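> Chains as they are written, first to last, in our numbering: chain W, 1 to 471; chain V, 1 to 297.
In case anyone wonders, no lab produced these hints; they're calculated from the structure.
Here the structure is a predicted model, which is why all the values come from computation and not from measurement.
Where a beta carbon is used, it is the ideal one built from N, C-alpha and C, also for glycine.
Mixed in with the good hints there might be a few duds.
Okay, derived cross-link-like pairs now, DMTMM-like style, lysine to aspartate or glutamate, Cα gap no bigger than 20 Å in a straight line [claimed, not checked]:
#1 K410/W <-> E75/V
#2 K461/W <-> E49/V
#3 K185/W <-> D263/W
#4 K282/W <-> D70/W
#5 K143/W <-> D217/W
#6 K31/V <-> E192/V
#7 K46/V <-> E75/V
#8 K461/W <-> E192/V
#9 K410/W <-> D84/V
#10 K153/V <-> E7/W
#11 K235/V <-> E292/V
#12 K461/W <-> E126/V
#13 K267/V <-> E209/V
#14 K437/W <-> D383/W
#15 K223/V <-> E126/V
#16 K461/W <-> E172/V
#17 K410/W <-> D217/W
#18 K150/W <-> D70/W
#19 K410/W <-> D118/V
#20 K282/W <-> D357/W
#21 K461/W <-> D84/V
Which chain W residues face chain V? A few, computed with CB under 7 Å, are given here [unchecked claim]:
#22 Y188
#23 A451
#24 L452
#25 I455
#26 K461
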Amino acid sequence: MLFNSIEFAIFLPIVFALYWLFNKYHRVQLWILLLASYLFYGWWDWRFLGLIALSSFIDFFIGIGLGQTDDPKRRKLLLGASLVANLGLLGFFKYFNFFTEAFVDAFSLFGMSLEKSRLDIILPVGISFYTFQTLSYTFDVYKKQLTPTKDVLAFLGFVSFFPQLVAGPIERASHLLGQFYTPRKFNYSLAVSGVRLIVWGLFKKVVIADNAAILVDEIFTNYQDQNSLSLILGSVLFALQIYGDFSGYSDIAIGLSRMFGFDLMMNFRFPYLAQNINDFWKRWHISLSTWFRDYVYIPLGGSRGSIAFSVRNVMIIFLVSGFWHGANWNFLAWGAIHGLMYVPFFINKAHQNLHQDSFWLKLPRIFLTFSVVCLAWVFFRADSLGQALDYLGHIWSNEGAGNFIFSQTKRTIIFAVVAFFSLFMLGTEAFFENKQKSEVLLPSKYLLILALSIIFFGAFKNHESFIYFQF
Amino acid sequence: MKKFVIKSTFYLLGLLFLAYGLSLMGLYTLKRSQFFKPSFLVNAFKPGEQFKLAVFGSSRGLASLDTKLIADELEGLSANFSMDYTALPTAKLMLEHFYAQGYRAEFIVISVDLPDRDTSKTVISENDYRFLPFRNESYVQNYYSRYDEGLVKPLAASGSFPFFGFGYYNMELLGPTLISSIKPDYRYQFDELGNFEYPDYLGMDEKPEPRNFQTALTNPILKEIQELTIRNSSKLIIYIAPYLRDEINLLESCPYTVINHSRLINKPNYFSDYIHVVNSGKKIATKAFIEELKKLE
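Let's have the full structure, built from the sequences with the hints guiding it.
This is the structure we're talking about:
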């Protein structure tokens, strides 16, 4: 079920009404949330409900096991079991074909030929998200930073909580699980702020991302015929598409959670206002980057060593982060580019005190960072590493004669709509950042205009799924 | 909670009210314009106008017959109401729209394409949204209810909630609404008699392998069209425009008067693709059509 679908528009008011109807019965509320979440997830493919239940029960019982023993060997064994089970599921569904093909290719380098066999595996929606969420629980229990829960209903609800189930924010048990234990009272201000975020998120998704997608898809499919301007605009439009899509989803997820009395962590903080790549990564997909920081970077030794040691760890994180997005070399390249761009700022600690400068001093840095990010997005969007390099080559050579955007009035109108509303979005974000806010909460009258712009400028005909569902 | 529900309902109703008003204004502007064919049909001619000939069909009917040439050769008013990216059901809808305005024609020409020869898909065509300004007409309502797709059926729902259709087809309607509000007589890629042409420089170089089809034109929509023309005292002519690749042979059981020019032109330079003639091809097709029509008169 997509947030921007009719099914969800019917589903949400029913669940919301039922949930608050039983506000004096905390356990009933938990059951409603759990059933709603499983219905929400099963709407795609009910067969994968077993998978999410299995993943939840494994970590629930491993958590109980960890709570019952202080024996380091036994604790390591339990942690290992969780890692094998979770990463095994993730590896099978997401990376099996990639590793099989890489293995065969490696053999071919030595003159041996093996037959490539691909399995027709359907990737369960959101598996990377909920797997990381359950893993974080086991890690925290293992490190004794969290008391293992004995409330199976709360735990199942925590793993499958429908607002953030399929594309995050990847929550930590220490933040979200506890909220399932305590009874909730309807909080008017919280719910209103939730609605505001939902409208803002829908606007970014339906008006900016889905309209941009119409142009981006065609430009990337026919990139060889396009001139440099068209290709540059294609990469910029994809930057806007993926931001509108993913941060739009996160805003809707956080907003929905607030309507149900939950608080989710922030996932984006105006990333296209970043002044360098280091700053960008403090603002983009925060829940994933902090996950990698806490559960991979710090256990690897973090920055507790020489500069070379720290840089190695940074590069590992960026490569793993790229690989998390998909089993493809272009995602690894995307991670590597960001890693290489990040390292100089990491060494110089250049991110400090950036925000005290005047707007005009910030602007060139913002523009430069955005340009680098757009360049890297080409690797993210392309179907393969070769295609990404070819795309960039065509920007340089300007071989193509076509310009997809300006060759038809309708596409030019779509481009104008995306450009206008993207500038509005970035301007609004700059305004809120200037006020030292980390989210856009517009007053009601502006929301009304925003909702009207969703109706009259949204790409309903080009009803797109959320990009991050595939991860 | 009560306050939240009341306020949410208030804003939702306010939003619907504004969306309703704005989409009504937009559709009214388009209804008064000549931007798209359905509005052009209403506003470009006098009420109760008597036509010598009117052409209905898809882009092939639009590209193949020049009603200016026809009007020069035959006395009387001729116009082309064909619309690109549509199928036979839309041609029937346009014909209903034509008669509903009180217009009459001696000859009704229905241009039939290969996919519509025996059946038509029950799906909405790409440009059917252009009838939205006339969504409250019973024939448009019936058409949208029958063909529109999806859970919401935005075109069918537009009878009561015009913002559904306007919102769904916003990128197709916003520009034309804006242009029509400034220049109501502006026509989108057709002349004052509804003609459109592909320029000669688009002519092709290669000729494809020919294909052959046999048909008795059993599509039930053609039967409905025939009944409609009989009721309105028009003579129905089924027209098969030239194809570069396809030959259509009619079986004897075909019950209609047909001008079959599927193999009239063989040279690829007269075609912009396998199914559309360019301007010079259009002239050949129209002249041949006029000759056939004179025989029928």
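> Which of the numbered hints are not met once you compare them with the structure shown?
1, 2, 4, 5, 8, 14, 15, 19
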